[in-house]
Structure formats: C-alpha cells, structure tokens
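> Each chain is listed here by its residues.
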Amino acid sequence: MTENYDIFEHDVLVIGAGGAGLRAVISAAQAGLNVGLVCKSLLGKAHTVMAEGGVAGALGNLDKKDSWEIHFKDTMKGGQFLNNWRIVEIFAKEAPERVLELEQWGAVFDRTPEGLIMQRPFGGHTYRRLSHVGDRTGLEIIRTLQDKAVSYGMKTYMEVTLTRLLKDGDRVVGAFGYYRPTGKFLAIKAKAVVLATGGWGRMYKVTSNSWESTGDGVMMAYEAGAELLDMEMVQFHPTGMVWPPGVRGLLVTEGVRGDGGILRNSKGERFMFKEEYMPEMYKGQYAETEEEAHRWLEDKDKNRRPPELLPRDVVSRSIYKEVLAGRGSEHGGVYLDITHRGADFIKRKLPSMYEQFYALGGVDITKQPMEVYPTIHYTMGGILTHPETCATTVPGLYAAGESAAGLHGANRLGGNSLSDILVFGRRAGDGTAEFARGVDYGAVDDQQIEEEMNLMLAPFTCEGKENPYRLTQELQEAMQEGAMIARTEQGLSKCLQTILNLQERAKNLHVDGSREYNPGWHTARDIRYMLKTSEVIVRCALERKESRGAQWRADYPDRDPEWGKKNLIASKEGDQVKISTRPLPEMPPELAKLFEESK
Amino acid sequence: MALNTAQSKEPGRVSLPINSRKDTWWIKPLLVFLGLSTFGIYATWRAFEDRYYWGPHTWGPYLSPFYSPLLPVFHIGHFAISPALLILPFPLIFRLTCYYYRGAYYRAFFWDPPACAVGEPSVRKRYTGESRFPFTIQNLHRFAFYIAAVFIAILAGDAIIAFDFNGHFGMGLGTLIMVVNVLLLSVYTFSCHSFRHLIGGALNCYSCGRSGKTRFRIWQRISYANERHMLFAWLSLFTVGFTDLYIRLVSAGIIHDVRFF
Amino acid sequence: MDKVTLRVFRGAGNGGVEQDYEVPTFEGMVVLDAIHYIQQNLDSTLACRWNCKAAKCGSCSAEINGVPRLMCKTHVSDMASKGQPIVVHPLKTFPIIRDLVTDVSWNYRVSEKIPPLQLAPDAPNPLVMQQMDVDRIQEFRKCIECFLCQTVCHILRNHNAKEQFYGPRQLIKLANLDMHPYDTLSRREMIRHEAGVGFCNITKCCTEVCPEHIHITDNGIIPLKERVADEHFDPIQHLIRKLAGTDKKKK
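Protein chains in written order, with the working numbering: chain A, 5 to 603; chain B, 9 to 269; chain C, 87 to 337.
Honestly, the hints are just simulated from the structure, not real lab data.
Keep in mind that the hints are not guaranteed to be accurate.
Taking lysine-lysine pairs in the DSBU-like style, the calculated list, with each CA pair at most 30 Å apart, reads [to be verified]: (1) Lys228/C x Lys221/B; (2) Lys159/C x Lys209/A; (3) Lys97/A x Lys77/A; (4) Lys36/B x Lys199/C; (5) Lys89/C x Lys30/B; (6) Lys159/C x Lys36/B; (7) Lys248/C x Lys30/B; (8) Lys68/A x Lys221/B; (9) Lys371/A x Lys498/A; (10) Lys209/A x Lys89/C; (11) Lys549/A x Lys278/A; (12) Lys228/C x Lys371/A; (13) Lys328/C x Lys221/B; (14) Lys248/C x Lys188/A; (15) Lys228/C x Lys159/A; (16) Lys228/C x Lys199/C; (17) Lys325/A x Lys278/A; (18) Lys159/A x Lys199/C; (19) Lys248/C x Lys36/B; (20) Lys199/C x Lys133/B; (21) Lys228/C x Lys351/A; (22) Lys30/B x Lys168/C; (23) Lys221/B x Lys351/A; (24) Lys248/C x Lys159/A; (25) Lys159/C x Lys371/A.
For the chain B half of the interface with chain C, some residues (derived, Cβ under 7 Å), not all of them [stated by the list, open to error]: (26) Val22; (27) Tyr107; (28) Arg110; (29) Tyr113; (30) Glu138.
Ideal Cβ placement from N, Cα and C applies to all residues, glycine included.
Given these sequences and hints, build the entire structure.
Printed below as a string of structure tokens:
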C-alpha cells in the first residue's frame with residue numbers, strides 16, 4: 005500500500021543547489037530544457053557559501069607566467085598523480101573562462117591596480133592564482149549563480165530531501181523523497197539527473213562541514229549502481245578552529261597563510277621549516293629561511309613561498325606530529341599568527357576570519373595568534389564520472405562537484421574546488437541536456453516507491469529503542485578515532501567493526517513526533533547514508549596499503565609506486581561493498597612531458 | 009494603545025506578542041524625546057522673546073545664532089514679529105528633513121516604531137511611510153542643505169566678528185563658544201547624506217572621467233563623518249542652543265563674559 | 087557544570103506554547119549549541135534551521151530575548167541573566183512552519199522580481215573595474231540572506247506591507263545592481279514604486295540587526311532615496327540633465 009505522493013516532471017533534475025548544481029542548472033536551462041532543482045535547505049545556503057579563500061584559475065592577472073599547463077601540473081602533483089589526467093586537463097583549461105563568466109553575471113571580485121581580478125597565493129599553487137572576494141568567495145559565487153539560475157526560471161524545490169534514485173531498468177529516471185516541512189512524499193521524474201550533492205564530512209566529530217554533508221547523494225548513486233572512486237581520500241584541512249569547544253572544527257581559511265600567516269608550535273618554532281616535513285617532490289621550491297619567507301610577502305618574483313603553503317595534506321600531518329610530540333598549544337593545536345600584517349590589512353583581506361574569531365572565539369586576530377588543528381574538510385573521492393560529460397557509470401545519472409571524483413586525486417589544492425564546481429557543473433549541465441534531448445521519460449516503478457516509503461516510515465512504528473542522534477555520535481567518535489589523519493590496519497578494522505555494529509543497531513531506530521519538520525526523523529534517514537559511506541571509506545582505506553596524500557597509513561608510511569598506478573573502485577554487489585582496483589588512465593606524452601621539463 | 013500586541017496578523021504568523029524584549033528598549037526613544045522637546049521648547053521661547061541677542065557696544069561682539077543674520081523687526085499691525093521667527097524655520101527644516109532626525113523622531117514622537125522589534129500604537133491603520141504627501145517633502149532635503157550651507161557661512165562671519173572688540177582684536181569665552189558652535193554645525197551640515205550623495209554617491213564609476221577620483225576622495229571623507237552624523241547632530245544641536253543661552257545670559261547681565269585677551 | 091534554561095516556542099500556525107529546557111553550558115557555547123543539545127538529548131522533534139554554524143549561511147535566524155539574531159553567533163553567556171530563561175522565538179514576521187522554522191519563501195519570490203545585472207553590450211571581458219568602484223557594492227554583497235533585517239523591519243513586521251515594500255534585503259540587492267559600474271538597466275522606477283523605497287522611514291532597525299554589519303540604511307537605502315530624488319524631486323538636476331543630454335545614461 006502506498007500513500008499519495010506528488011509527481012513532477014523535468015527534462016533535467018539537478019539534486020543539490022551548491023555551486024555545481026546551480027552551474028548545471030544554468031547550462032541545462034541555456035540549452036532550452038525544463039530544469040528542476042532540489043535543495044535540502046533553503047536556496048543559497050549550500051556548502052559553497054562556506055568556501056573562503058578563492059577560486060583557482062590561471063588568469064595570470066598578477067603572475068603573467070601562469071598558464072593552464074602550470075595549473076595542470078600543480079593539481080596533478082598536489083593530488084599525488086592519482087587524478088584522472090583528462091579531468092585535470094579540462095579543468096585547468098576551462099577554469100579561467102568560468103571565473104570570468106561569473107564576473108559578467110554580477111560577481112564582484114577584489115581588484116588589482118589595473119582593475120582586473122585580484123589573485124592570491126595558496127598552498128600548492130605555483131603562482132598567485134585564486135580570484136577572491138576577501139575571504140567570502142564562496143558566498144559571492146553561490147549568490148551570483150543563484151541569481152543567474154533564478155533568472156532562467158528554473159523550478160526550485162526548497163527543503164526537499166531526496167532519498168532514492170528511481171530506476172527504469174538500468175537507467176535513472178527520477179528521484180523520490182519528501183518535503184521537509186510537511187513530511188509528505190514526492191517523486192520527480194526526469195530524463196536525466198545531475199547529482200551535485202557535495203561531500204560527506206559529517207561522519208567525523210571534528211569537521212568544517214554542515215549537517216547536510218551526510219553522503220546521501222553519493223550513497224544514492226551507489227545504491228543505483230554507480231561506481232565510486234578512491235573513497236578513502238578524505239581531506240583534513242590543516243587549520244580548523246580549536247577553541248572554544250562550540251566552534252571546534254570550524255574552518256580557518258588557507259587565505260590566512262596565503263596572506264602571510266605563520267605556523268608556530270608552543271616553543272615558538274616555525275616548524276614548517278623543519279626538514280623532516282618537506283616532501284621530496286617539493287624540495288627547492290619553497291623558502292628555506294624565515295628571512296626569505298618574509299621577503300616573499302613583498303616580492304613574490306624573487307623569493308620562494310613559505311613552507312606554510314605546502315599542500316594541505318603535508319601541513320596537516322606536520323601539525324598532527326607537532327601536537328603528538330607535545331609541542332601543541334594550550335588547547336591542543338598550534339598557533340597561526342597573522343598579526344604582523346597589521347590590523348588594516350587583516351580586516352580588509354580576511355574580514356570574516358576576523359569576525360569569526362572575534363565573535364565566536366573571543367580572539368582578536370589582529371593582536372593575537374589563532375589556535376588551529378586539522379579538521380575534516382573535503383572528500384576527494386566520490387562518484388566516478390566521465391571527464392567530458394560528467395556521466396556516471398549509470399545511464400541518465402551525472403555527477404559534478406565534490407560528490408564526483410577524479411579531479412583532485414589524493415589531495416585537493418585549495419581553491420580548486422570552487423573552479424571544479426564551475427567547470428564540471430557546466431559540463432554536467434551540458435551532458436544531461438545532450439542526453440535528455442535523445443530520450444523520453446522512463447517509467448516509474450511503484451514497487452521501488454513503496455519500498456522506499458516503508459523504509460522511510462519504519463522508524464515511527466519500529467519497536468526498537470535506538471536513538472538516531474546517539475548512533476550519529478557513536479559513528480562520529482569511531483571515525484574520528486579510527487579513520488582520521490594517522491590510519492592503521494588495527495584502528496581501521498576496529499572502526500569497521502563498530503560501523504557494522506551500528507548498521508545492525510540502525511535497524512532498530514525509533515523516532516517520536518510527527519512527520520512535519522522533524523529533525524529526529526531526518527537524522528534517522530541521514531544515519532543510513534552516513535553508515536554506508538563510512539563503511540566504504542574505511543574498507544577502501546584498509547585496502548590501500550600505502551601513504552599517499554590524505555591517506556596516511558602509519559603502518560605503511562611510504563608511497564608505493566604500484567599503488568600510484570591504480571584507483572580503488574567501490575560498487576554495490578548485492579548487499580556487499582565490492583572493492584576493486586583499476587589502472588589509472590595513462591597520460592598522453594605531450595602532458596607527461598610537462599613534468600619532465602620541470603625536473 | 010497596546011504596545012505589546014501582535015500587529016498585522018498574517019494568517020499563520022506565530023501566536024506570540026510582537027514584542028518579547030525584556031531589556032530597557034524604551035530608554036533611547038525617551039531620551040531622544042526629552043532632548044528634542046527641551047530644545048524645541050527653549051528655542052520657541054527664545055524665538056518669541058525678541059531681545060538679549062545682540063549688543064556689541066555694551067557686553068561683547070556676540071550675535072545669537074537664533075537671530076543671525078541680523079534682521080530688522082517687522083511689524084504686522086501692532087504685533088512685532090521677532091526676526092528669529094523668520095530665521096529659525098530654515099535650520100529647522102534642515103534638521104526636520106535630516107535623515108538622522110527623521111529616524112529619531114519617527115521613533116521617539118511617532119512611535120513608528122519606538123524601538124526595534126517592538127509593537128506600535130495599534131490605532132494607526134494604514135502605513136505609507138514617506139511615500140505619501142506630506143512626507144514626500146522629506147525628499148527635498150538637499151534644498152534644505154543648500155540653505156543650511158549659506159547659514160554656515162553667515163555664522164562663520166558672526167564668529168569672525170566675535171573677535172572684534174570695538175576695533176580691537178580680542179577673544180572672550182563667547183567668541184570661543186561661537187567658534188566651536190560653527191565648527192560643529194559645519195561638520196554636522198557637511199556630513200549630510202544628501203551632500204554625500206551629490207558629491208560622490210550619485211556616481212557609479214569613480215575611476216571613470218577626470219573629476220571622479222577627486223569626488224571619490226571627498227566622498228570618502230564625507231562618508232567618514234557621515235557615519236558619525238548622529239553624534240554631530242546632537243553635539244551641534246547642543247552647542248547652538250548653548251551659544252544662544254550664553255549670549256542671552258551675558259546680554260541680560262545675568263553673567264559676565266570672560267575676556268581672554 | 088553550569089546550567090541555563092532555554093524557553094523555546096513549540097508549535098505551529100495553529101498555536102503553540104513556550105517550553106522550558108535545562109541545558110548544561112560550556113565555554114563559548116552559542117544558542118544553537120543549546121538547541122542542538124535539546125534535539126540530541128531532550129526532544130528530538132524540536133525543529134530549527136541551521137547549516138554552517140559559522141555565521142556564513144544565514145539559516146539559523148531566530149528571535150532571542152525578543153531581538154532577531156543568528157543563533158550560531160549569539161553566546162549563551164551574553165543572553166543569560168540571573169534566574170531568567172533565554173527566550174527563543176521564531177521570526178515573527180513570517181508564517182510559522184514549526185517551532186523555530188518559518189516560511190521565508192516570500193523573500194525569494196520578491197527577489198525573483200528584480201531584473202538581473204545587464205551589462206553594456208560594449209562592456210569588456212574581463213571587466214575593468216577599480217577597487218574604489220566596487221568597494222560599495224562589495225559591502226552589499228556580503229549579505230547572507232538571513233532575513234533578520236526583513237523580520238525586524240516594522241513595515242513588514244508591524245504593518246505587513248509585503249505588497250508595497252520589498253524590505254531592506256531586497257533594497258540592498260537593488261542598490262548593488264544600481265551602483266554596479268557596468269550595469270545599464272535602470273531600476274529606479276522599481277525602486278520607487280514596486281520596491282517602495284518611500285515606505286522606509288529610516289528608523290534603522292535593519293542596520294542594527296545585520297550580522298554582517300552592512301550599513302543597510304546609510305549606504306544602501308538612503309542613497310537609493312537620494313537617487314530617486316534626483317529623478318523625481320529635483321527640478322534643478324532635471325534641468326541640468328536635460329541641457330547636458332545625460333538623461334539617457336541608464337535606460
């Protein structure tokens with residue numbers, strides 16, 4: 005028996021209203037298609053608003069020597085060559101155009117003295133490459149895209165949560181879910197679906213992610229049969245807030261270091277200069293004395309960047325090791341100091357950091373150093389997509405942005421996520437438009453809907469006593485302990501056991517109240533995806549027996565060249581998670597040559 | 009006049025009183041009310057008093073700002089019209105249409121609203137703000153500004169004359185008060201929102217054209233002062249009243265002017 | 087551990103009650119932490135919106151002790167006074183959905199009516215704009231659409247003039263477009279009539295509550311009033327424009 009539900013139809017259904025989703029809406033709408041956009045929250049609140057530092061694209065406004073080739077190289081190196089070269093090539097080539105187009109749509113970036121877009125240095129980027137608006141670049145981008153998308157008259161489903169992709173045979177033909185305010189169900193039929201559902205940092209206790217990042221999108225794709233790529237690659241941003249407890253994990257933009265921020269331990273040492281922390285690959289490319297790093301602030305051509313601007317995985321590990329060695333700050337972090345840039349500069353270039361620390365942490369960053377520690381930030385792994393069209397391995401299903409994988413490899417460079425969502429949001433929109441033009445609506449299977457309804461409503465009638473919040477907390481603690489920066493066989497196995505236990509217990513979830521805007525119920529639904537995503541992450545992390553980028557296996561501390569040639573693929577096989585490896589696509593000689601020249 | 013009821017109940021709005029503030033939100037509007045009323049009553053009384061404002065040969069070269077510029081007394085029939093009645097309307101209009109004072113008296117006198125997130129007197133049915141006559145007149149603030157600027161020049165002249173003690177260069181406490189008064193009045197007048205708009209606010213591109221950059225720089229300075237427009241509105245209101253009071257007291261022989269040199 | 091009492095509105099459009107919850111406190115705790123504590127430990131059905139918990143998304147707007155604020159940016163210690171509970175209400179200007187969640191969709195509908203940026207056909211790509219030209223509009227673009235200004239504005243809150251007045255948030259959006267160096271579309275008629283800039287009586291409550299510290303009134307609404315005055319209340323300027331032939335700058 006099924007209760008009544010609303011049915012809608014759109015040529016293209018975009019799930020997720022962050023930058024990637026909105027950019028996909030724009031290109032699908034420009035192709036003349038009828039587009040529906042589903043967002044879990046209100047429009048314009050998606051995770052993109054939290055992006056701070058900037059959007060990377062080789063415009064070369066300040067450093068004329070910059071080019072897409074160098075951006076390509078930086079991104080591949082940052083990702084430890086686990087990236088899909090073609091995705092990176094497309095990305096580096098198209099990013100500048102995507103940034104400039106935003107300006108034509110109303111985005112107002114900071115300016116250079118010549119009146120062009122200002123660019124700031126960031127970790128792992130050879131040149132000043134991040135177009136930015138102070139430290140609220142994400143807000144600027146989402147608002148610009150939102151206004152643009154709205155002007156095309158797309159239909160927006162605000163506060164609608166989708167829980168399952170509907171299939172007709174092999175093909176995805178729509179999605180099913182509920183209205184958050186009323187709890188009533190709806191189905192949206194579509195000729196093609198774009199998943200732009202972002203990342204899944206919420207299964208960790210200390211995270212810069214919001215409640216939305218539960219992995220529901222990636223798991224819906226997984227359930228629908230899509231292959232997932234390198235799911236063990238979860239990024240720890242080196243600088244999250246540490247104190248007070250209420251703001252633990254909140255992001256401190258890399259822009260602080262880009263604008264000269266200095267990391268020190270409790271002994272006052274600028275520890276990033278220690279030789280042990282400098283990876284072989286980057287030797288000679290960073291300042292070797294504090295004096296040089298200081299001169300770089302004024303003259304970026306003649307001096308090398310400070311080692312605080314090494315890629316995120318390197319800096320995160322260094323901070324972790326410093327704190328482990330007992331050289332941590334009062335509340336278990338390290339110090340990040342920007343005071344030497346002066347109050348005026350800080351308030352102009354880092355206004356929201358100033359405000360965030362002042363209002364939430366009681367710290368005046370123009371006078372005092374910040375305390376920071378790595379926080380879960382981004383997921384490099386995700387849905388396997390085709391470089392040109394963003395098609396997944398399931399017909400009719402496309403993915404873009406953080407939920408997709410392949411661009412960032414084992415570690416993402418700061419600023420690349422904002423250009424990622426622009427470049428591949430657009431390509432996903434174009435890809436779906438192309439696909440949708442050639443097909444008709446598929447048939448919606450009542451049985452799938454009935455199954456999903458029953459699954460969704462089960463916690464109301466379940467006799468069990470498990471509390472969704474309690475399970476979430478236990479999962480977050482297990483992941484924080486077992487699958488954080490330093491991973492071991494033992495820790496991961498224990499974590500996996502806990503996850504499997506929690507999955508059993510989740511069958512006894514019970515929630516009270518009505519279906520109307522009931523957060524307990526929503527959490528009960530989220531935990532399902534969080535548990536499955538966590539399982540996949542941990543299984544992949546166990547599988548990859550090497551250290552590379554974000555994956556740091558304390559029991560396999562070195563990079564293994566063999567592992568550098570293959571990706572891990574996770575897919576659904578019955579009720580089991582199937583993990584396999586697949587060789588990385590080989591880089592064509594003309595691109596491979598770029599790396600030889602630099603050596 | 010229930011201030012606490014939920015107003016304009018759209019269907020489905022929360023069934024709580026509009027005002028749930030427990031802090032002393034009424035203090036600010038009360039102070040504004042008392043401040044403006046006190047000045048208003050004093051100024052009205054002084055405007056009708058028609059004496060004790062000018063007398064350079066006896067007690068000092070001072071002219072009350074309420075009676076500047078010096079005008080002859082008009083007569084309508086038997087009634088003598090105080091010159092202040094012909095002068096005061098101009099600064100009054102400037103202050104009445106001033107963006108700061110508008111907000112202040114809408115709050116303190118009209119209770120529309122008396123403070124943020126509190127109710128309003130429920131007797132008023134329809135609200136049109138400044139979109140209907142007579143309140144559309146507020147849009148003419150810039151013209152009031154032009155006149156106010158002329159008055160600044162006149163008062164500056166008065167302040168200069170206040171150094172002239174029967175042909176000798178001198179200075180009394182009255183001189184100092186008049187100088188301070190005209191300075192504060194100038195800052196208040198030239199930090200006006202309308203002036204800020206005319207100087208640079210109306211432009212969309214400062215870097216375009218030859219005068220743009222100059223106008224931008226002036227606009228920036230005015231903006232800086234404009235952020236403190238409220239402060240200068242009150243300070244200058246106080247000094248203009250105090251200047252008049254001082255001159256009245258000296259002129260009436262109640263106190264004696266202090267001569268510095 | 088210290089405790090604090092929260093008095094939270096529970097209910098929907100057909101009515102509701104204020105309910106007290108006792109919550110343990112910790113250093114730096116914000117009201118949203120307390121709400122989360124209630125959801126996790128005392129009542130999992132308490133509805134509220136939130137996303138970033140960093141004052142960047144503008145989701146967790148509520149009225150705390152009668153003043154519209156972001157829950158994630160309001161410290162419990164600043165709100166608690168001895169023996170008094172911290173009162174948490176939903177936004178009172180919009181229809182309530184449940185508990186602390188209100189239906190703010192009106193704001194989105196109004197926003198849709200505002201025509202987007204229209205560049206001059208000869209505008210360069212990339213655009214050339216100096217920082218001095220964009221400082222003003224960058225301030226407006228800091229808006230996180232928390233709608234605190236909309237909820238505190240007495241024109242919407244007390245007079246419910248939603249048909250005649252777009253509210254401070256949308257006037258800021260209009261100011262942003264009107265002051266853009268390359269925009270060519272005149273929205274002055276909209277600003278004057280549909281958006282109803284004349285309704286604003288500059289009592290500045292919007293500025294007081296803005297969590298992004300945007301000078302909504304002084305830098306946004308008043309300049310718009312002045313721009314409308316240029317066209318409709320200033321015969322001298324009108325004449326100058328006529329004579330100089332600069333009347334057609336914005337179409």
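> With reference to the structure, classify each hint as holding or not holding.
Here is what the structure says about each hint:
{"no.": "1", "hint": "Lys228/C x Lys221/B", "result": "holds, 25 Å"}
{"no.": "2", "hint": "Lys159/C x Lys209/A", "result": "holds, 20 Å"}
{"no.": "3", "hint": "Lys97/A x Lys77/A", "result": "holds, 12 Å"}
{"no.": "4", "hint": "Lys36/B x Lys199/C", "result": "violated, 37 Å"}
{"no.": "5", "hint": "Lys89/C x Lys30/B", "result": "holds, 21 Å"}
{"no.": "6", "hint": "Lys159/C x Lys36/B", "result": "holds, 25 Å"}
{"no.": "7", "hint": "Lys248/C x Lys30/B", "result": "holds, 28 Å"}
{"no.": "8", "hint": "Lys68/A x Lys221/B", "result": "holds, 28 Å"}
{"no.": "9", "hint": "Lys371/A x Lys498/A", "result": "violated, 44 Å"}
{"no.": "10", "hint": "Lys209/A x Lys89/C", "result": "holds, 24 Å"}
{"no.": "11", "hint": "Lys549/A x Lys278/A", "result": "holds, 27 Å"}
{"no.": "12", "hint": "Lys228/C x Lys371/A", "result": "holds, 24 Å"}
{"no.": "13", "hint": "Lys328/C x Lys221/B", "result": "holds, 25 Å"}
{"no.": "14", "hint": "Lys248/C x Lys188/A", "result": "holds, 29 Å"}
{"no.": "15", "hint": "Lys228/C x Lys159/A", "result": "holds, 26 Å"}
{"no.": "16", "hint": "Lys228/C x Lys199/C", "result": "holds, 21 Å"}
{"no.": "17", "hint": "Lys325/A x Lys278/A", "result": "holds, 12 Å"}
{"no.": "18", "hint": "Lys159/A x Lys199/C", "result": "holds, 15 Å"}
{"no.": "19", "hint": "Lys248/C x Lys36/B", "result": "holds, 28 Å"}
{"no.": "20", "hint": "Lys199/C x Lys133/B", "result": "holds, 28 Å"}
{"no.": "21", "hint": "Lys228/C x Lys351/A", "result": "holds, 14 Å"}
{"no.": "22", "hint": "Lys30/B x Lys168/C", "result": "holds, 13 Å"}
{"no.": "23", "hint": "Lys221/B x Lys351/A", "result": "holds, 24 Å"}
{"no.": "24", "hint": "Lys248/C x Lys159/A", "result": "holds, 23 Å"}
{"no.": "25", "hint": "Lys159/C x Lys371/A", "result": "holds, 21 Å"}
{"no.": "26", "hint": "Val22", "result": "holds, 5 Å"}
{"no.": "27", "hint": "Tyr107", "result": "holds, 5 Å"}
{"no.": "28", "hint": "Arg110", "result": "holds, 6 Å"}
{"no.": "29", "hint": "Tyr113", "result": "violated, 10 Å"}
{"no.": "30", "hint": "Glu138", "result": "holds, 5 Å"}
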